[in-house]
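Read top to bottom, the protein sequences are chains G and R.
Terminal number for the first sequence in the numbering used here: 1000, no gaps in between.
Terminal number for the second sequence in the numbering used here: 1031, no gaps in between.
Rather than coming from a laboratory, the hints here were simulated on the basis of the structure.
All values derive from a computational prediction rather than experimental measurement.
Keep in mind that the hints are not guaranteed to be accurate.
A short list of chain R residues far from chain G (calculated; beta carbon distances all over 12 Å) [stated by the list, open to error]:
| no. | residue |
| --- | --- |
| 1 | V680 |
| 2 | H681 |
| 3 | G704 |
| 4 | E716 |
| 5 | A904 |
| 6 | R919 |
| 7 | Q927 |
| 8 | L1024 |
Incomplete in silico selection of chain G near chain R, CB under 7 Å [said to hold, decoys possible]:
| no. | residue |
| --- | --- |
| 9 | F710 |
| 10 | C793 |
| 11 | T980 |
| 12 | R986 |
Subject to a maximum C-alpha distance of 25 Å in a straight line, what follows is the list of computed DMTMM-like cross-link-like pairs (lysine to aspartate or glutamate) [to be verified]:
| no. | chain 1 | residue 1 | chain 2 | residue 2 |
| --- | --- | --- | --- | --- |
| 13 | G | K850 | R | D676 |
| 14 | G | K803 | R | E771 |
| 15 | G | K961 | R | E771 |
Here a beta-carbon is modelled for each residue, glycine too, at the ideal position from N, C-alpha and C.
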Amino acid sequence: MIDDRNCQIPESGAVRMGHGSGGRLSRELLEDLILPALGEAGPEGLEDGAVFVPPPGELVFTTDSHVVTPLEFPGGDLGRLCVAGTVNDLAMMGARPLALSLGLILEEGLPLATLRRLMESLGRTAGEAGVKVLCGDTKVVERGKGDGIFANTSGIGVRFHAPDAQLIREGDAILINGDIGDHGFTLLTLRKGFPLQSPLQSDAAPLNHLVEALCAQVPVRWMRDPTRGGVATSLCELSEGKPWSVTLDEPSLPLNPAVSGLSEILGLDPLYSANEGKFLAVVPQESVATALEILRAHPLGKKAAHIGTVTREHPGKLLVRTAFGNRRVLGMLASDPLPRIC
Amino acid sequence: MDLPSSEYRDPRLVHALAEEIRGIRLERSVRLMEVCGGQTHTLYRYRLRELLPAKVRLISGPGCPVCVTPVSYLDKALALARLPEVELFTFGDLLRVPGSHGTLEEARSQGARVHVAYSPHQALEHARSHPQSQVVFLGIGFETTLPTFSLPLRQAIREKLPNFSVLVSAKRVPPLLAALLRGKAPLDGFITPGHVTSVIGSDAYAPLCREFQVPMTVGGFEPVDLLVAIRDLVRQLAAGTCENTNAYARAARAQGNPKAQQLIEELYQPCDEELRGLGIVLEGGYRLREPFARFDAARRFSLEGIVGREPPGCRCGEILAGTKDPHQCPLFGKACTPDRPVGACMVSHEGTCNAAFLYRETSDD
């Protein structure tokens, strides 16, 4: 803990404009709070950039910005999202994460204790994913000009598998590694004034180990992490402009009972709700059993399910087959989902 | 999906009921109206119409509170939003409904203080803790929603809270059904709205049933609830009977909810009300009683003279009156989509156009 390291920043302090000055206070914030909190996952030196020799293979480069209210929520926090978001984007490209950057924009007045908890969580999550933060930057904006903290993480990864959507064929299966919409519904229940309580937790998690295990044995043709916009929006993107359609099987969609209850009350469809620890994979029909076995053997894939199929009818569309055997079309998320009147 | 109340979505039950309905001998085609937008939503979502015989046609009714709210109401809300001292609280669906000039969502992006409420009590609490603001709740709805915002309203009246008011647009279902029966759309039976009936009681429809000789039954919102209601009406039409029955007895009683009725009676008196698509409906709405006039935002802020302008080309009115289908509107799915709605029926979750668009079978639907 920071006190053990003879820290000069008191636990009760808050971010001040001087912490972004580039001077002594900035240095203190970095050396006494951020770096110790990141722990093993932090950079070793404080040069202007990190130097490293990449392993052989194709490199993947991605970036993700993180804004979330509240900063801490059941199942995760902004620090965890910083790692999961970028690592999962790399994983969806079939890449193992090699290095992350971390850009922080802090709002004046953010309690340092909060910042410390977020950075500790970031460090722990990076440890789970097996990646390090190699470089970073911190700026401070005046009170009222930020939402506590805005963060950006870029990531570089090396490819272990190259998914190829060109290989998708009619009959291929759509898999997901577990319950749909937990993250979105968890945050919804934390909004100011929300009248219901739920036992829900965000699913935020880095998926790289699970994805790598799957790709080692199954010829995965396409992967996507259905974050904002949810499963429906990701699958609309998969089918849009293509000579095939995707048909979801409504009764097979894995759903936490709390999410299905809330979705009924609020009129919000879990298929459009955000996930932070889920991925969709298209695999050949003959690989479904193997794929599900691999996914279900991993803690992040216990409720993995075969939720849909690549189909021929109505090419370019995402369809859903109801429990009564008839079908309807699903479109992309139009705008922010709104809770309804009754 | 492991859904709650799954026995009301049991595929075997649904198919058995549909088969039973198909087995009833009808001598002519019949037109049944599902009054509530929630029922419309279920019919589209599960595509239940496809399971019914060709002679049974379902017409979507005007029971979507957002849809029947006239443009003039939105214009009043937008006028309020422009007042610097006002903070508006609204249910989410109203945010994107176009008024004559723009939406509340657009007003918010331009700096108006418009908050989405999960519960009307939030507005009351906000008024208490922000005495410098005038807090207005946008109170729209039928007899179902009316008690939910009337409770905090009554509390504010008791506390003599000077900075809380409600812009009321409350509609009454029985006069609305009477207006429909006197109107152009030929209707042979009604699935009356389950939630409204849980407040007003199924007996409220008995006089209509007698006067217009049209069978009525209370319907719920799950596929099985709706098919039971449809079976009841089709049986009645085949047998030539005309009764007011209840296919949603698990939630709605003959006498309704006396506490909620008492609350409504205490605060409101029936008044003639403008409804989109139906014009002025005789005693079709509720108005705050005179002693509480200060708590009526329209009177407090002198908004009563504002009249709205319907968007050109929009067929919401005829769709709400049951004389046109969404597909017969030239704007449907083209100029008017859930992303960029022109008419209210495309905005609300319970709107007929929204359900028809969201749950279309193909893009050509």
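Here is how each hint holds up against the structure:
1. The claim that V680(R) is not at the interface with chain G is violated, since a C-beta of that chain comes within 12 Å of its own (minimum 5 Å).
2. The beta carbon of H681(R) sits about 7 Å from the closest Cβ of chain G, which is not more than 12 Å, so the claim that it is off the interface is violated.
3. For G704(R), the requirement that its beta carbon stay farther than 12 Å from each beta carbon of chain G is not met, with the minimum near 8 Å.
4. The beta carbon of E716(R) is not kept farther than 12 Å from every beta carbon of chain G, the shortest such distance being approximately 6 Å.
5. A904(R), annotated as away from the interface, keeps every beta carbon of chain G farther than 12 Å; the closest lies near 24 Å.
6. For R919(R), the condition that its CB be more than 12 Å from all CB atoms of chain G holds, with the nearest at approximately 19 Å.
7. Interface exclusion of Q927(R) from chain G stands, the closest Cβ pair being 18 Å apart, more than 12 Å.
8. Its beta-carbon lying about 7 Å from the closest one in chain G, L1024(R) breaks the requirement of being farther than 12 Å from that chain.
9. A cut of 7 Å between beta carbons decides the hint on F710(G): the least distance to chain R is about 44 Å, and the hint is violated.
10. A cut of 7 Å between beta carbons decides the hint on C793(G): the least distance to chain R is about 36 Å, and the hint is violated.
11. Given the 7 Å rule on beta carbons, the hint for T980(G) holds: about 5 Å separates it from the nearest Cβ of chain R.
12. Here the hint on R986(G) is kept, as its CB sits about 4 Å from the closest CB of chain R, short of 7 Å.
13. A hinted pair counts as satisfied when its Cα atoms are at most 25 Å apart, and K850(G) with D676(R) does not qualify at roughly 37 Å.
14. Only pairs whose Cα atoms come within 25 Å are accepted, and K803(G) paired with E771(R) is accepted, the gap being roughly 22 Å.
15. The hinted pair formed by K961(G) and E771(R) fails the criterion: a straight-line CA distance of about 39 Å is larger than 25 Å.
In terms of the numbered hints stated before, the structure departs from hints 1, 2, 3, 4, 8, 9, 10, 13 and 15, listed from lowest to highest.
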